[in-house]
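Protein chains: 4
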Amino acid sequence: MQVLKNQIDSHNESLLLQHEAKLSFTRSEVPGAEEIIQKLTAFQIAIPSWALGTGGTRFGRFSGGGEPRSLEEKIEDVGLLHALNQSSGAISLHIPWDIPQDYRATRILAAQHGLTFDAVNSNTFQDQPGQPHSYKFGSLQHVDKTIRQQAIDHNIEVIKHGIELGSESLTVWLSDGSCFPGQLNFRRAYQNTLESLNEIYAALPDNWKLFLEYKAFEPNFYSTTVGDWGMSYSYVQKLGSKAYTLVDLGHHLPNANIEQIVALLLMEGKLGGFHFNDSKYGDDDLTAGAIKPYQLFLIFNELVEGMDARVMNHATDLGWMIDASHNVKDPLEDLLQSVEAIMLAYAQALSVPRRALEDAQQNNDVVTAQEILQNAFRTDLRALVAEARLRAGAALNPVALYRSLNVRQNLINERGLKTVATGL
Amino acid sequence: MQVLKNQIDSHNESLLLQHEAKLSFTRSEVPGAEEIIQKLTAFQIAIPSWALGTGGTRFGRFSGGGEPRSLEEKIEDVGLLHALNQSSGAISLHIPWDIPQDYRATRILAAQHGLTFDAVNSNTFQDQPGQPHSYKFGSLQHVDKTIRQQAIDHNIEVIKHGIELGSESLTVWLSDGSCFPGQLNFRRAYQNTLESLNEIYAALPDNWKLFLEYKAFEPNFYSTTVGDWGMSYSYVQKLGSKAYTLVDLGHHLPNANIEQIVALLLMEGKLGGFHFNDSKYGDDDLTAGAIKPYQLFLIFNELVEGMDARVMNHATDLGWMIDASHNVKDPLEDLLQSVEAIMLAYAQALSVPRRALEDAQQNNDVVTAQEILQNAFRTDLRALVAEARLRAGAALNPVALYRSLNVRQNLINERGLKTVATGL
Amino acid sequence: MQVLKNQIDSHNESLLLQHEAKLSFTRSEVPGAEEIIQKLTAFQIAIPSWALGTGGTRFGRFSGGGEPRSLEEKIEDVGLLHALNQSSGAISLHIPWDIPQDYRATRILAAQHGLTFDAVNSNTFQDQPGQPHSYKFGSLQHVDKTIRQQAIDHNIEVIKHGIELGSESLTVWLSDGSCFPGQLNFRRAYQNTLESLNEIYAALPDNWKLFLEYKAFEPNFYSTTVGDWGMSYSYVQKLGSKAYTLVDLGHHLPNANIEQIVALLLMEGKLGGFHFNDSKYGDDDLTAGAIKPYQLFLIFNELVEGMDARVMNHATDLGWMIDASHNVKDPLEDLLQSVEAIMLAYAQALSVPRRALEDAQQNNDVVTAQEILQNAFRTDLRALVAEARLRAGAALNPVALYRSLNVRQNLINERGLKTVATGL
Amino acid sequence: MQVLKNQIDSHNESLLLQHEAKLSFTRSEVPGAEEIIQKLTAFQIAIPSWALGTGGTRFGRFSGGGEPRSLEEKIEDVGLLHALNQSSGAISLHIPWDIPQDYRATRILAAQHGLTFDAVNSNTFQDQPGQPHSYKFGSLQHVDKTIRQQAIDHNIEVIKHGIELGSESLTVWLSDGSCFPGQLNFRRAYQNTLESLNEIYAALPDNWKLFLEYKAFEPNFYSTTVGDWGMSYSYVQKLGSKAYTLVDLGHHLPNANIEQIVALLLMEGKLGGFHFNDSKYGDDDLTAGAIKPYQLFLIFNELVEGMDARVMNHATDLGWMIDASHNVKDPLEDLLQSVEAIMLAYAQALSVPRRALEDAQQNNDVVTAQEILQNAFRTDLRALVAEARLRAGAALNPVALYRSLNVRQNLINERGLKTVATGL
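As given, the protein sequences belong to chains L, R, S and A, one line each in that order. When the letters of the first sequence are read in order and numbered with this note's numbering, they come out as residues 1457 to 1880. When the letters of the second sequence are read in order and numbered with this note's numbering, they come out as residues 1457 to 1880. When the letters of the third sequence are read in order and numbered with this note's numbering, they come out as residues 1457 to 1880. When the letters of the fourth sequence are read in order and numbered with this note's numbering, they come out as residues 1457 to 1880.
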């Protein structure tokens, strides 16, 4: 299944008049619209290979159909997304679920879809068939050096796969922690983890980054050894200049002010990137922007301000990735919705008049500061996001085109109804 | 200080061209815009008398200036708001802070400002000077019947004041509860409270409603005797057909799905009304829509759907009130921002295509259902809200006019810099 | 694998002197110790059939060995627990995981282990192989009557199995809800669920109870159709006198005061029973008493007070069940720890001097009320719990005996290392 | 009002037999009881001067009587507590509420009561009468250097008072933060705060410590500039070796694992001390151990383990202080209950068999690790705490003696019924 250029063109043609009217009005309302469009065009969000199948919970999983059965089909799926929105030009692999059989062929296939390889992800939260030692009681934190070594070696192997594919970063998410008081000595768990991370860090090429993700809870329900931004920060400080903290929006305690965390990590030069999703209760892994779109905007507001203050390249100096689960939606539709919500929040943040906001802050004019942010959020900038797609050769309305092309049915016809992708 | 018609006209004139361009574009995008504008015009949000001064916390209070020193000045302040937005045509009094000296004069003053009297509020969470018995250990729940009787009598007296002013509802918010395990027998606290409420209910005129507000915590930090919607619901069921639950958006445990609660109370015929505000952590009493605007929209989405299903009058069949605190803003500006956010959420909810949403729900098409709600929320409907104001003779941009008229400075000149309004 | 009487006797003999010294001291400290021991002896906690295997999360599962492969082996496992503590004399089955092939043989087997059949549990949160319709979008709430009927029929079939085994209650836990705003019409979901429950209720024998469990979130992450105690209460009120609310300790929003909910449900005559476990973040399903033992005591404090006020039989008038998951422990050891913690909390609650507490409450003597509860909790009552076991022929230290008998190794030898029990 | 030695003796005599029986039994159960008693004797918990009056909330305050009217009477109150428990041998002053008029006289008075001066506390969360600049928009974070300087100068003045009294630490708790998105530039607020702290740090004597407290929310309800342990840690790292993080148990987001934070801060050499209290919802400031006593024990478990690992002196190398509010209790009784709960948790932590716990952890024997901690917690060690008091000349049951001596009535007689202590 491929989306052809003429299918996109014909879709766009049918929506063009309406789009242009809306764009024209938006331009009249938003100073700097052209610059925003250009930044949106440059902005790419990586798709994780494990988000292409139906998600599940510990209570069960209700599979959809036509899920990708191989790394090649996963690349094809991301290629489909990218053809539709030209904003998903990277794929993030998960080892061992996605071990390439032939690096060159894999690279060529990705290139044909216009995709690069984003961060590679290691997996030490599950036992693989035939694995000598179990991660039941942790991996990099484990009391037994043999098991830590197995996990270290796995991470180094992941780096090697990444090098072959042209990745330049390793994301380490550890489920290491404990379920009961007394189970762990927190200090030793920290020190073991640090020692293990140091070994992995030593294997990192010079042009690579190590992203250390934190998470408050799940699958461990008493403590997590990289449990909050402060812990991740303390590790990456010790590891060195190539180590950064990765923020997953769903990995916090209730009510956390994530935008402040983001601003401070940026200030410290230790923000590495993002796993986007949304949530109401815990790590719910819902579609980005589906529950708290204003929070998503506020986070981008800090990102734009903070990256500009450090003269960073928005598109390339941080890692942008989705990490969601799709229990009740077609995964590809869900990903299209997530990308749209992220692009919209980015556009809104770009439209904030920085100088005016700064003035309001300098004068403690809280009412005006709020008005400025709310105005940026309430203004409808979807035409700018659509225009960026249009210019890049993508669809004005990706979800609508996806549906009108019967993509899912085509995938089912090709792959079958009962396929189950690896992942969560 | 009064806002004159010609001041509003001149303000509107200066913004008219821009407004009309925006309105025209919005009309082209939103089917039924005219009907939405009419419903917005009819919609009035009551202002609580205690929200006209600077708020504080237990750690202190940083007063602003020009705060109203009397009931008359409070009415004047609400009159100012109403002149600016024509959407704040009611005031909600708090007894004993606002006991009228002369009912007739008070009614006439309010009428001159175009205001009616919304729900009257009793206060049994503080001791007043000279009060025979203390509410330290509760009021309607108290183990001592004498103290319960004092609180009952106070509520009946509040009803009497309300009758004289033309109010038609009593809001009962109880801080009753406990700070420590063992302090209360929960069952007896419930039964005492129910017995007390029954006596108050008996004093209620036939055309009145009793609103029973619930709150999860604060100022009691272990239990609250009307602690969640389920408890309030169980009381009002027993009290009778004039008793309803009142929802304050800040009175829930973390992550509560308030919109579902609202839908179910409406279904049961037991939703009485709202105290609007916003919050991140607890009962933070921030400006409505300042933190979670999508949640506010989702709540209105349930309200519109549910009220229409019961053929209710949006404007009059529920009580709409703000209950916020203004620690770092000019209270009047804050209230203008709250009203704007509420009107906008209402407009968005009105614009939801009900039939299409229902179809999506019938088909379990979660992606489309989300698109429908997000489209309503992302579309900029501020021009409809502004048009409703324009037609009603109010300002296109109330906050801007308030500032350009130097209202606060005028109030300070009239009333002084060090005035402190009664309230929280 | 069976635990023999002489093994228990010899274990007890080795600990007897120490036990008697401790018991004697405890008796000297606790008035009414004898009565407490007798009530503890009568108290039985049902073991759910799905808690006998290693639990997992959506991220994976680390199996132990020797897990029961059949209903017969599950009964055997509960029999082992009951032999060790004589407090686990019931098993709660889950259909379709535990459909008996031969009712009579199953009943006889259970009786040989001294077990009765507690509540039977239906399952409409997973699709079973060959099932005509999917529960992906709910079961009793489903927009499609055909699917609701399938779920209704399943529940009625569960009742039938229960009747054959001598159960007298049906526990309905629904994962029904939604993951995204707009997905559900809350009102219709409620009404569909109520209609479905009514059909199930109609099939309930006269001497049966229906327990309707509520849960705040998971596996749905936006709304749950029976989401809190208030919702469950509103359903069971409408269903009739055989319908009750079931409380699972892990099914609440953060910081909920569960003991107050318990007291009010008891007051209303609508508390049906419990699923015991403990948690820090969500439905963590940890060992009872492992995280918040004081809360567990406070809940029992309300239970004892409230049941006595209604002259209820502690042992039989409510359903007592464990519902936990054992990701990092031997499930049988975990269950022994849970039962011990529950018995201890019950003993502490029984030891509270009711009259003194009531006096303190009457006098608003908060300090004394706290002292009374803390004294009950801080006093070491483990000897009373042990004595109850001793008198019933169980082990003084069940976990120690379990280990010294190498029960797990024996089960592995019998059943194999790679068995995986049905369950979560 | 003073508690006389013979009053204590006579109280102790009446309880001695019972105490000795209990002590003797406890000794038989707990290895190392004697060492525990000695450590308990050495352990002192500072009483904050602002906790001696009735607390309140933003909704009101229900005063008790006999509250201290001056610094001298506050010292007298702490002296009373210390006479009763010999565990409260320090007072922590709050400037400007407690500015001494005569240092020498104040020191002598304290010495007469056996008290030393613990950390001094600055106050930049309220405006004082006559203060030139307002802290409405922050103090050390303020956008205006003039206001920052005022706050810096105040802190330096507090240090000077402390030097005169023999204090050796400054506690800085900042309410600085924001109530609305956009109000603050997080990065600049951080940098201003850091710059201000640097100036204060420069004024710190060599033998002093600076404690930087963090708090998630309240009185600011959107962001707090020192908002969590990670932020505090990042500041104190930059400040230098005399700067430490201070942990207040109520200053976290819901469900935080405080014991892990404590363990990691200790590991980093950056834990400074504690503000003890308990809470269910937010910074509820309830009596220590009143809500989550097991958590309090788990925190002490980390403290004992971690301090021993660093060969620290339990009594002197960290700052131990209560910070609670007493809305419904006699403040002095509440403080006695808090001290008792803290001492008990410390005793329990001391009784944990470290080697056995370590072995269980090394073997991933989660069940045994839990048993070890639960055994320490379930064993009744109150006799050891009482014995420590007895040996130090304090009362076996401080609350009981306080009541039998009618201390509160005496204080009312001396000071009056309507006194209101400064504080919260």
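There could be a bad hint or two in this list.
Pairs count within a copy or across copies, as identical chains cannot be separated in the list.
As the list claims (entries may be wrong) - Keeping only pairs whose Cα atoms sit at most 25 angstroms apart, straight-line, the calculated SDA-like set for lysine to any residue is: (1) Lys-1726 - Gly-1488; (2) Lys-1694 - Ser-1860; (3) Lys-1592 - Glu-1814; (4) Lys-1694 - Gln-1647; (5) Lys-1592 - Arg-1864; (6) Lys-1698 - Gly-1521; (7) Lys-1874 - Pro-1588; (8) Lys-1461 - His-1569; (9) Lys-1601 - Ala-1812; (10) Lys-1461 - Lys-1601; (11) Lys-1874 - Asp-1600; (12) Lys-1495 - Pro-1661.
Source of the hints: derived by calculation from the structure; they are not laboratory data.
Evaluated hints:
Within a single copy, Lys-1726 and Gly-1488 get their C-alpha atoms no closer than 30 angstroms, and across copies no closer than 47 angstroms, so neither meets the 25 angstroms cut-off. With identical chains, the CA atoms of Lys-1694 and Ser-1860 are never at most 25 angstroms apart, being 52 angstroms at best within one copy and 45 angstroms at best between copies. With identical chains, the CA atoms of Lys-1592 and Glu-1814 are at most 25 angstroms apart between copies only, with a shortest distance of 18 angstroms across copies and 50 angstroms within one. For the homomeric pair Lys-1694 and Gln-1647, the shortest alpha-carbon distances inside one copy (11 angstroms) and between copies (22 angstroms) are both at most 25 angstroms.
Taking identical chains as interchangeable, the C-alpha atoms of Lys-1592 and Arg-1864 lie at most 25 angstroms apart only when they sit on different chains, with a minimum of 18 angstroms there against 37 angstroms within one chain. Taking identical chains as interchangeable, the C-alpha atoms of Lys-1698 and Gly-1521 are never at most 25 angstroms apart, the minima being 41 angstroms within one chain and 42 angstroms between chains. In the homo-oligomer, the alpha carbons of Lys-1874 and Pro-1588 lie at most 25 angstroms apart only across protomers (15 angstroms), although the nearest pairing inside one protomer, at 31 angstroms, exceeds that limit. In this homomeric assembly, Lys-1461 and His-1569 come within 25 angstroms of each other (Cα to Cα) only inside a single copy, at 13 angstroms, whereas the closest approach across copies is 63 angstroms.
For a Cα distance limit of 25 angstroms, the shortest separation of Lys-1601 from Ala-1812 across copies, 21 angstroms, qualifies, whereas the shortest one inside one copy, 56 angstroms, does not. In this homomeric assembly, Lys-1461 and Lys-1601 never come within 25 angstroms of each other (Cα to Cα): the closest approach is 54 angstroms inside a single copy and 43 angstroms across copies. Taking the shortest Cα distances, Lys-1874 and Asp-1600 sit within 25 angstroms of each other only across copies (23 angstroms), while inside one copy they are farther apart (40 angstroms). In the homo-oligomer, the alpha carbons of Lys-1495 and Pro-1661 never lie at most 25 angstroms apart, since the shortest distance is 29 angstroms inside one protomer and 52 angstroms across protomers.
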